[in-house]
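Chains as they are written, first to last, in our numbering: chain A, 1 to 259; chain B, 1 to 368.
These are computed hints drawn from the structure, not numbers from a lab. We put the CB at the ideal spot given by N, CA and C, even for glycine.
Here are the simulated SDA-like cross-link-like pairs (lysine to any residue), alpha carbons at most 25 Å apart as the crow flies:
no., chain 1, residue 1, chain 2, residue 2
1, A, K128, B, R232
2, A, K109, B, S250
3, A, K128, B, S233
Quick list of the computed label-pair ranges, beta carbon to beta carbon:
no., chain 1, residue 1, chain 2, residue 2, range
4, B, W176, A, R138, 50 to 56 Å
5, A, E124, B, L224, 24 to 30 Å
6, A, V179, B, N358, 30 to 36 Å
7, A, D76, B, L124, 30 to 36 Å
8, A, G112, B, G183, 28 to 34 Å
9, A, R138, B, N358, 22 to 28 Å
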Amino acid sequence: MSSPIVEMKNIEKHFGSVIALAGVSFSVMPGEVHCLLGDNGAGKSTFIKTMSGVHKPSKGEIFVDGQKQVFESPRDAMNAGIATVHQDLAMIPLMSITRNFWLGREPVKKFGPVSYFDHKYANEVTMKEMSRMGINLREPDQAVGTLSGGERQTVAIARAVYFGAKVLILDEPTSALGVRQTANVLSTMDKVRKKGVGVVFISHNVRHAMAVGDRFTVLNRGKTLGTAKKGDITTEELQDLMAGGQELASLEASLGGTV
Amino acid sequence: MSDLAVESTDERVKKISLISRLMKRPELGAIAGLALVTLFFLFTADPRMFTLAGIMNFMTPAAQLGILAIGAALLMIGGEFDLSVGSMVAFTGLIFGAAMVTFDLPLFAAIIVTFMAATAMGALNGQIVIRTGLPSFIVTLAFLFILRGLSLVGLKAATGGSTQLRGIRQEFEGSWLAEFFSGEAFTPLFYWLAESGWIDTFKSGKPKVDGVPVDIIWFLLLALAATWVLLRSRYGSWIFAAGGDSNAASNSGVPVRTVKMYLFMFTACCAALVAILTVMDAGSTDARRGFQKEFEAIIAAVIGGCLLTGGYGSAIGAFFGSIIFGMVLIGLSYTNIDQDWYLVFLGSMLLIAVLFNNMIRKRVTGER
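Pulled out of the complex, with its shape left as it was, chain A reads as follows:
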């Protein structure tokens, strides 16, 4: 395998006296889906925010393509090719798909001194990119609010990929979706991976992770419990790691293995 696109070494993050991250190392290879698993409060969000430039790490280093980087803002991370699809999606329901797709990076055409939003080109690209992700739009100027949750995720992912993301961070993309929608999002992730983009998939659903993941890293109480390759670990083992072992094993027995 080639070298990692993003490598994070011994990341620590303290909020006052609270140690949110106590030395986490993590890397993303091109064309892989790296799942970051952990229960609530494990430090997944803090870690992701460090990676996407929202938080500055208290200690530790971030390398992008082998170069050391310090992200002062989410803009810096975006410029380095790290795109995040947030839980709140960064989509504006009342605006059209095209406008959402291009938001903040509108293509402009010049007419004399006036520059205007090139709607025709923007619409064409949006339609094309969306159909590559397997969604055929009726019209690109329909409001995002009319799309289903899975379709909105796909717009957000398609947008990030189109604008040259090398690493795509998906923060709990499947947590609010139904079965069918989840399958769509997972298959979109697969399409993205095949383009050579590194995907960081945050989830606390082991099944979803197992379905697409190439590598799995489990966080617990701000620490990594290790990284495993696909095939080296079973669903049950992952589940145990996430929940911190024994307690869940006994719980699971009483629930008949349905968790």
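Given chain A, work out where chain B should sit, using these hints.
Relative to chain A, chain B alone:
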């Protein structure tokens, strides 16, 4: 990439008709409202209302309100309110009057000073809202009183005790710039039309309407410019996004704070423009100028399809909303109906518009 994939369609989506397409436009309510109001006056009002002179008659107050409403509409789409625009008209009117009468500045300089004052006040409003995160409703409500008070105090100081500052007309008479801010435009055209018998004339042969009041021209230009910005420029997207979800917008790289700042400054400048136009028309300025205009402007914007929660609306809607206002305000005097019904109308229109807009929004977003 081949374009083949693009053309394949999903069999589950049916073609949507032109009507349901139109139903999704935010300004539809205002256009329907305007049609209704026009019909109403066609049947009840003296036919003189719809002569050229009558139309100019109701379009002038519509334009003065409309300039404010377009500013209010853009700001509302951007997710903020400005309740201080009415007081801003009085305040900038005072600045304008005092600059010319008290400080004896030429018209050109007075206009620049007025716009600078408006921009500064708009920026102050904007900065407080953005930095504190307080609702703009409260911040600008404070400025509604502060600016009205300052106008009163300032007028007394400038005039030595009176709340009216007179003698502005002599100051700008003969200035080449005055043509753009007072009187009528296209006068030669109207004389030519009169000579050719196209429009009504007095017995002397002078046309009954000798031009289009400049207020109307400004109103039209502003409505066109605002619509163009909203629909055809990238800033339009940013304004919609800032109002739709400011968090999501900044995550996408939209400079939300800057957008909102400019909107506050633009709204204040609209108020300054109205102040200059009306002060030059009246030749004086007083403390009650622009009284309660903030509410009328917001109502016109809402009738025009703006959502109170931001992120949706149109400038052309506010344009039609303002014409409805002007029509009813002036139109009632052409009928036998008591003028004071105007206020009842104002409230009812707002209520109907809000209900209607709610329905439209649900259609647009597919909410059920």
